[in-house]
Amino acid sequence: MTLDTVKHAEQTPDTPLPWAELGLKPDEYERIVEILGRRPTGAELAMYSVMWSEHCSYKSSKVHLRQFGEKAPQSDAMLVGIGENAGVVDVGQGYAVTFKVESHNHPSYVEPYQGAATGVGGIVRDILAMGARPVAVMDPLRFGAADHPDTKRVLPGVVAGIGGYGNCLGLPNIGGEVVFDSCYQGNPLVNALCVGVMKHEDIHLAKASGTGNKVILYGARTGGDGIGGVSVLASETFDDSKPTKRPAVQVGDPFQEKLLIECTLEIFREKLVVGIQDLGGAGLSCATSELASAGSGGMRVELDTVPLRDATLSPEEILMSESQERMCAVVEPQHVDRFMEICEKWDVIATVIGEVTDGNRLEIFWHGEQIVDVPPRTVAHEGPVYQRPYARPEWQDALQADDAAKLSRPASGDELRAAVLQLTGSPNQASKAWITDQYDRFVLGNTVLSQPEDAGLIRIDEESNLGVAVATDGNGRYAKLDPYTGAQLALAEAYRNVAATGARPLAVTDCLNFGSPEDPSAMWQFAEACRGLADGCLALGTPVTGGNVSFYNQTGDVAIHPTPVVGVLGVIDDVTRRTPIAFAEEGQLIYLLGETREELGGSAWSQVAHDHLGGLPPQVDLEREKLLAEILISGSRDGMIDAAHDLSDGGLVQALVESCLKGGKGARIVIPDGDDAFVTLFSESAGRAIVAVPRSEELRFTDMCGARGLPATRIGVIDGDALAVQGQFEIPLDELREVYEGALPSLLG
Amino acid sequence: MARVVVDVMLKPEILDPQGQAVQRALPRLGFNGISDVRQGKRFELEVEGPVDEAALARIHTMAETFLANTVIEDFFVKVES
Amino acid sequence: MARVVVDVMLKPEILDPQGQAVQRALPRLGFNGISDVRQGKRFELEVEGPVDEAALARIHTMAETFLANTVIEDFFVKVES
Amino acid sequence: MSTRIGVVSFPGTLDDRDALRAVRIAGAEPVPLWHRDKDLKQVDAVVLPGGFSYGDYLRAGAISRFSPIMELIISGAKDGLPVLGICNGFQVLTESHLLPGAMLRNNHLHFICRDQTLRVENANTAWTSDYTAGQEISIPLKNIDGRYTADERTLDQLEAEGRVAFRYTGMNPNGSLRDIAGITNEAGNVVGLMPHPEHAVEPLVGTGRTDGLGFFTSILKRLVSA
Ligand SMILES: Nc1ncnc2c1ncn2[C@@H]1O[C@H](COP(=O)(O)OP(=O)(O)O)[C@@H](O)[C@H]1O
Ligand SMILES: [Mg+2]
Chain A
65 MTLDTVKHAE QTPDTPLPWA ELGLKPDEYE RIVEILGRRP TGAELAMYSV MWSEHCSYKS
125 SKVHLRQFGE KAPQSDAMLV GIGENAGVVD VGQGYAVTFK VESHNHPSYV EPYQGAATGV
185 GGIVRDILAM GARPVAVMDP LRFGAADHPD TKRVLPGVVA GIGGYGNCLG LPNIGGEVVF
245 DSCYQGNPLV NALCVGVMKH EDIHLAKASG TGNKVILYGA RTGGDGIGGV SVLASETFDD
305 SKPTKRPAVQ VGDPFQEKLL IECTLEIFRE KLVVGIQDLG GAGLSCATSE LASAGSGGMR
365 VELDTVPLRD ATLSPEEILM SESQERMCAV VEPQHVDRFM EICEKWDVIA TVIGEVTDGN
425 RLEIFWHGEQ IVDVPPRTVA HEGPVYQRPY ARPEWQDALQ ADDAAKLSRP ASGDELRAAV
485 LQLTGSPNQA SKAWITDQYD RFVLGNTVLS QPEDAGLIRI DEESNLGVAV ATDGNGRYAK
545 LDPYTGAQLA LAEAYRNVAA TGARPLAVTD CLNFGSPEDP SAMWQFAEAC RGLADGCLAL
605 GTPVTGGNVS FYNQTGDVAI HPTPVVGVLG VIDDVTRRTP IAFAEEGQLI YLLGETREEL
665 GGSAWSQVAH DHLGGLPPQV DLEREKLLAE ILISGSRDGM IDAAHDLSDG GLVQALVESC
725 LKGGKGARIV IPDGDDAFVT LFSESAGRAI VAVPRSEELR FTDMCGARGL PATRIGVIDG
785 DALAVQGQFE IPLDELREVY EGALPSLLG
Chain B
452 MARVVVDVML KPEILDPQGQ AVQRALPRLG FNGISDVRQG KRFELEVEGP VDEAALARIH
512 TMAETFLANT VIEDFFVKVE S
Chain C
452 MARVVVDVML KPEILDPQGQ AVQRALPRLG FNGISDVRQG KRFELEVEGP VDEAALARIH
512 TMAETFLANT VIEDFFVKVE S
Chain D
491 MSTRIGVVSF PGTLDDRDAL RAVRIAGAEP VPLWHRDKDL KQVDAVVLPG GFSYGDYLRA
551 GAISRFSPIM ELIISGAKDG LPVLGICNGF QVLTESHLLP GAMLRNNHLH FICRDQTLRV
611 ENANTAWTSD YTAGQEISIP LKNIDGRYTA DERTLDQLEA EGRVAFRYTG MNPNGSLRDI
671 AGITNEAGNV VGLMPHPEHA VEPLVGTGRT DGLGFFTSIL KRLVSA
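Residue numbers (my numbering), protein chains in the order written: chain A, 65 to 813; chain B, 452 to 532; chain C, 452 to 532; chain D, 491 to 716.
A portion of the hints provided could be inaccurate.
Restricting the straight-line Cα-Cα distance to at most 20 Å, the calculated cross-link-like pairs of lysine-lysine (PhoX-like) are [as the list claims (entries may be wrong)]: (1) B:K492 to C:K462; (2) C:K492 to B:K492; (3) C:K529 to B:K492; (4) C:K492 to B:K462; (5) B:K529 to B:K462; (6) B:K529 to C:K492.
Note that these hints are calculated values from the structure, not bench results.
Taking the hints into account, I'd like the entire structure generated from these sequences.
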């Protein structure tokens, strides 16, 4: 076979190319021909097709994601915004924190262990590429029904993969989510979040500048992993009947990644790089074109210098390979030797594969012949943009009209008791310890709060006790009922969770998991969720710093619930002031903050008791959320509250169960006069939390709430070894614990 | 009672970090002349009754659906003499 | 280039929970008639040069000191034809 | 002169920073050691910390055992150098035959991370003198290859000589024979255990208890009074 060089392409304009098989649309191919003024070479086609895929180009989502920038609240904390590998926020004392959540959904369905493992690996490299030391990970997960046989295949593999990779990297797992719902049966969601810390001056960006600077590829050798994975996997619905579309799976090597992290941090410490980029989806195509596109000059790459694991790879395959654990750095010539020395110290293979040129083209050579000659911006940053049609689905009205108020409710104390136990033992509300005990939460020695807590909280400075807290949340049921409100509820919950630990919420990352953008209904859900999130972030003053979109989460015509997963990062000046969820001191008073309305649409109770989804989700009041957060933060800082737990799915009763079990202390609860016991216990009104207040602080605390106008209702006291609701029921903690802790082990073995 | 062995190896195109780690360590330990190492799994099955074609076919299915993950692994069934 | 295989198996007296987990799962998957399963490791070594007695002796040492931990494992070296 | 305690980093070691911090909190001078180092930098004792050295590929601890620094540590330990192996470090010690037995995959086959109680059975080793025999402590446990195994004769001998240094109580988390969480050599200078004392030296982080600090204060006292 003759090599398809640029010259050859010029001479053979009529050679048919497999652009359609590579996922390009006719007009997209036309545009490539127009940009180049000739037909692309095979290698160029490979690059464009993979970089213009939905996954890399965000072509369907871009027009909506723009709002995150346009409506961004004024924030002094934002150091690097959307568009880089990850956003960076200032947390004070010269420290900057970067964090981002990403999806690895489809690969984790095909091969749960490796799919999830490489998902962790990928997000960690993103954080590393910003110049930061990765310090913690989180894993928001969604699976099909807990008792479905395929869940038993997918879940243990995913969990083992996340643990196997993250544990081996030495990154504490400080939280996440586990949600079961049959809508995720064929499309589990595996999202992974990483947090990194650096000093302001260490921030690095992905750009290649300085003519003559060397381009160094370092890390693992390049093999045939996931060739075409990005374009095929992420832009087409996975379909079992067409096994040819199954991509080669990527296999992770966490040990190699650990070396890559330490090696890269040492390189940063010695200030040896001008620009740096991790290799993730689209591999070298992405790294070289993005580096060149963001920089000032062009780039020339000798592709045959790339160290290979499989000598038979073609140049196109090398460009598209998604082999893991690789990074690409731009280094001034005088620093190359030292760079190589550090790589050698860490047993990391490093190779100069090219250099920055003074032109404005990305040129790639293979055995001396030119196979790529493109303007890099057209590959990396000026891909197609679609204004996809969207429309409110016609079933939306009927769904919202199907009010949960009509469902039959527990009335007697005995029925309430049974409902509590049913809720506590349901897979979504039960303890996730079977999963989280497979994750190292102690490594690095800075974990102050980890699961089960409202947010993960880590110390970032041992002297000053400065720390950060991160929580992720997302409720697909709420979003299905109303995607605008659902996205805001996800944001509000994560925000509230961070505040409940005593940290001040600062910034947002999000992973938007949706169905096909080519389906106007799914696209409407997406548009609404983006609008809701952008409006919500503006109202709360927490900018979106970065995130990820995962489309095509659907099987046939049936999409998953729209699932915006929102991560909120907060800062706490003194981690010793943090507030845990545990009820630890008998005699302390339990206060319910916020207002409870009858809001059962999309609730955990409606799912567990009636398998029902309908009506409207809880209302959102972001001003109230801000006020609640202020109270929680002040209460923690001034020592007025010893425990706090936000209220979300499962409502008040679920929060009580968790705080009691965590602290090993019971509670005596009195339903406020005139209130309905069932609604008080099971409603999911937003903007609420419970707190434990030492008696000596009661007056000070209620004065503060009163002065600021936050409803605070004393609902009980920490006492005994049962959860007792006066006049209704009493459940010994042992019985609750058995139900709470026994559920997942009995389902998963 | 007969023994059937199922060897499960990563497909050649799939990265084998374990084998690589072994191979990289060998020269340091003074063992040279090994150009590649792949690490896989070996299952020894004690089979009740005769290992006839039907039994082997069943074991083949078992290897394909359970012992090996054919997305990334190849497997080989053999009867131990 | 020749291939030498080193099989490493837990000693018979050592509990093998991986093998047991496989064995326990088999009936649930509809596979009966397997009375025992042991899971071990298989190393495929590509040897440069002739696999003569000297080479095999070296590989034997390598297996004994490195590939296997003889406190818990037995190993078997064979030349693949 | 201050007491110098070395902490070895192999490629893939994870808890080296924690171990260095624990040494510092105990009041000794932490000295980072690198697996390729060809001298021990005049340290008075050595900690082999936890992690996945060389990815734990092949077997946990199997590849690290052959590093240059391990040659020095093996010969030093035989001459009385105090050595503490934690988790992966314990695995390196058994692979190096400084301690008998071997570590296998947990009986439930999962990685497990939990707060674990153990009983200090031998408070006479270089690393446990600040505890009392029979004392129960609670420190984090996190591993996937933590099932301690040895043949019956070895186990009987360990018991007879009082060399079972720590035993799991409450629950055996991994199927270790005779609930063994850690052991010592005959001289008492080499100690290995699976749980992580270095994660339990500050009241704020980790489990919020400081039950692990005694390991580091024990060795410090021993070295200062020597
Ligand atoms: N996949 C997971 N990985 C790590 N931690 C998890 C995971 N799933 C749940 N958790 C943790 O378990 C605890 C309870 O989860 P959840 O009930 O979803 O919290 P909340 O309702 O406060 O958002 C939290 O600390 C959460 O971070
Ligand atoms: Mg919460």
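How the hints compare with the structure:
Distance check on the hinted pair: K492 of chain B and K462 of chain C sit about 16 Å apart at the alpha-carbon level, within 20 Å; holds. Straight-line distance between C-alpha atoms of K492 of chain C and K492 of chain B comes to about 5 Å, which keeps the hinted pair within the 20 Å bound. Taking the CA atoms of K529 of chain C and K492 of chain B, the gap is near 16 Å; set against the 20 Å cutoff, the hint holds. Taking the CA atoms of K492 of chain C and K462 of chain B, the gap is about 16 Å. The hint holds against a cut of 20 Å.
Only pairs whose Cα atoms come within 20 Å are accepted, and K529 of chain B paired with K462 of chain B is accepted, the gap being roughly 18 Å. The straight-line distance between the Cα atoms of K529 of chain B and K492 of chain C is roughly 16 Å, inside the 20 Å bound, and the hint therefore holds.
Every hint from the earlier list agrees with this structure, and none is contradicted.
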